[in-house]
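> The lines below spell out each chain.
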Amino acid sequence: MSVLLDVLAAGCLIAGSALAFAAGLGLLRFPDLLARSHAATKPQVLGLLLMLLGLALRLRSGPAIWMLVLVALFQMVTAPVAAHMVTRAGYRTGKVDPSSLVVDELTDDLRAAEREVGGSSQGPSPRS
Amino acid sequence: MSLHPRRRPGAGFHVLTIAWLTAVWVALWGELSIANVLAGLAVALLVVRSLPMPSIDFHGRVRPVGLVRLAWHFVRDLVVASVQVAWLALTGRRPRSAVIRVRLRSHSDLYLTLTAQLCSLIPGSVVVEAHRHDGVLYVHLLDVADADVAVAHADVLAIEERVLRALGSDDELRDAGLEVGR
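Taken in order, these protein sequences are the chains called A and B.
According to our numbering, the first sequence is numbered sequentially starting from 1.
According to our numbering, the second sequence is numbered sequentially starting from 1.
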C-alpha cells in the first residue's frame, strides 16, 4: 500500500515539475505580456497543485497536509489576481500592442469612451 | 471616521472571518493546541479590527449539486488549459491572441469576482479589465482563430451560469435570465 502511494507521489511530483518547467518556458518564449500571463497562471498553478498532492501522498501526516491545503488555496486565490493586475497595468501603460491581437474589444471600447467625453484624454488610453 | 461608511461588516461575517483566520493560524503552526488557538484568536481579532474589509453582499444559497458540478468542471478545465498552454510553450509556436468583451448576466460583486477568478485559471483566458458597475469582463484569449471568439464568449457565460447555479438564490437565477430548478 505504501509502495503504491509512493509511486503515485513520484508520478505527481514528476508531472508537477514538468508543468512548472513548461510554464517557465512559456514565460521565456511567448511574444508579449498578455500571453506570458497565461503561462504564469495555468500550467504553473496545476504544476504546483500536483507537487503538493505528491507531497501529501508521500508525507501522509495530518498537520503537513493541512498546510499543503492552505498553500494550494492561497495559490488559486492569488494567482489570477496577480495575473489580472499585471495585464491591467500593462494595458493601461501601453505595454500591449493592439495590432498583435486578432480581436480587441477593450481598445475599441476605450476609444469609444474617449470620443464620448469629447476627445479629451480622460483617464488612461492604450497607445496604438 | 472611515471614508467608506458601507465598509462596516455585519457581526455574523465577523465571526466567520475570525474563525477562518484562527483555523489558518492553527494549520500554519501544524498543531492543534490551546495555546495555538488562543494566539490565533488574538491575531484574528487584531486583523479584523485593524484591517476591516467591505462586507460581501450574499443573498444566495449554497447548492451542493451545483457546487460539485462547478468543482468538477473547474478541475477538468484547469487540466485541459494547463496542458494546452504547456504544449504551446514546448512547441514554440507564436500564439495569436484576442481580447473580448463579455457582459455577465448577474449584478453581484461576488459572482463577478468568482467568475473572473475561475476564468483566469481555466480555459485559455486571463481577465484584463473588469467593470463592476456594468458587470463587464474583458478577457484575453491565448491562441485563437476567429471562430473561437464566439465559443470563448459562451464559455465565460457558462462559467458564470455554473457559479450562479452553485451559489445563487432562485431570484438571482431568474434575474440573470436562467431557468430555475435544474
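Any given hint might turn out to be false.
Stated by the list, open to error - Partial list, computed: chain A residues near chain B (C-beta under 8 Å):
hint : residue
1    : 8
2    : 12
3    : 15
4    : 22
5    : 39
6    : 46
7    : 48
8    : 89
9    : 111
Since the hints were made in silico from the structure, they are not lab data.
Note that the coordinates shown come from a computational prediction; the quantities given were computed from them, not determined experimentally.
Glycine residues also receive a C-beta, built at the ideal position from the N, C-alpha and C atoms.
> Work down the list of hints and note, for each, if the structure agrees.
Outcome of the hint check:
1. 8: violated, 16 Å
2. 12: violated, 13 Å
3. 15: At 10 Å from the nearest chain B Cβ, residue 15/A fails the 8 Å test, so the hint is violated.
4. 22: For residue 22/A, the interface hint holds, since the closest Cβ of chain B sits about 3 Å away, which is under 8 Å.
5. 39: With a closest approach of 6 Å, the residue 39/A hint holds.
6. 46: holds, 4 Å
7. 48: violated, 11 Å
8. 89: violated, 10 Å
9. 111: violated, 13 Å
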